[in-house]
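A.B. asks: The opening residue of the sequence shown carries number 1 in our numbering; numbering runs sequentially from there.
Hints are computed from structural coordinates only; laboratory data are not their basis. Predicted model, so just to flag it, every value in this text is computed and none were measured. Note that CB positions come from ideal geometry on N, CA and C, so glycine has one too. Any given hint could turn out to be false.
[Claimed, not checked] Cut-off 30 Å, straight-line C-alpha distance, at most; resulting in silico cross-link-like pairs (DSBU-like, lysine-lysine):
#, residue 1, residue 2
1, Lys90, Lys145
2, Lys144, Lys85
3, Lys144, Lys90
4, Lys85, Lys145
[To be verified] Distance ranges between label pairs, derived from CB positions:
#, residue 1, residue 2, range
5, Glu74, Arg176, 34 to 40 Å
6, Glu180, Glu74, 33 to 39 Å
7, Asp82, Val40, 36 to 42 Å
8, Gly143, Pro109, 31 to 37 Å
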Amino acid sequence: MAGENPIINAILARRSISPRRLTAPGPDERQIRLMVEAAVAAPDHGRLRPWRFIVIHDEDREALASAFHDAALELDPNNFGDSAKREAEKAYNAPCLIAVVGRVETAHPVIPESEQWISIGAAIQNMLLAAEDIGFSAMIVSGKKVSTSALVRSFGLGPHENLVGFIAIGTYAGARPSLERAVPESIIAGWQPPVPGTD
1 MAGENPIINA ILARRSISPR RLTAPGPDER QIRLMVEAAV AAPDHGRLRP
51 WRFIVIHDED REALASAFHD AALELDPNNF GDSAKREAEK AYNAPCLIAV
101 VGRVETAHPV IPESEQWISI GAAIQNMLLA AEDIGFSAMI VSGKKVSTSA
151 LVRSFGLGPH ENLVGFIAIG TYAGARPSLE RAVPESIIAG WQPPVPGTD
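Using the sequences provided together with the hints, build the complete structure.
C.D. replies: Put into structure tokens, the structure is as follows:
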């Protein structure tokens with residue numbers, strides 16, 4: 001069945017490629033817009049649009065590196081060595097970096113936070129699949145640093161916003177890594193309603 005369905009084939013073929021392995025060319029403005037269009041087609045209960053996307057331009061990579069460095073020091077004040085430097089260098093990985101910001105309404109009367117986070121995750125997956133469909137490779141990267149005040153300040157996040165991570169996009173000429181995924185039978189079960197009168 002999968003061989004007859006291009007959408008399923010694309011989902012099954014998707015692989016995360018480390019930003020260190022992504023080289024030029026990256027997507028142009030038109031292609032980035034197409035990826036974002038795919039992202040916002042994600043399921044979105046109440047049309048809350050609990051996301052926004054920030055493109056990191058080449059001329060701003062140095063500022064991002066400085067923010068990454070500050071974030072590393074914030075997480076570990078004694079981190080003045082190679083580790084903080086390596087964190088800063090990550091700002092230069094991949095020809096295209098797009099920050100994903102989640103805007104979650106914590107006190108919505110109808111839609112719980114969990115549904116909004118699911119929507120954000122679906123938007124990210126759509127964006128990754130769109131990047132692959134256009135001909136690029138991509139990966140979402142995150143880590144403890146996304147919650148630091150250094151990055152919250154750098155991206156001007158509001159009180160109900162969270163920096164979810166960065167989508168790295170570029171060209172990968174290597175062999176697609178093999179990946180052993182879960183067998184569906186190992187994670188599927190039929191529901192068994194509880195028997196009345198039992199704990």
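A.B. asks: So which hints don't hold here, by number, going up?
C.D. replies: none
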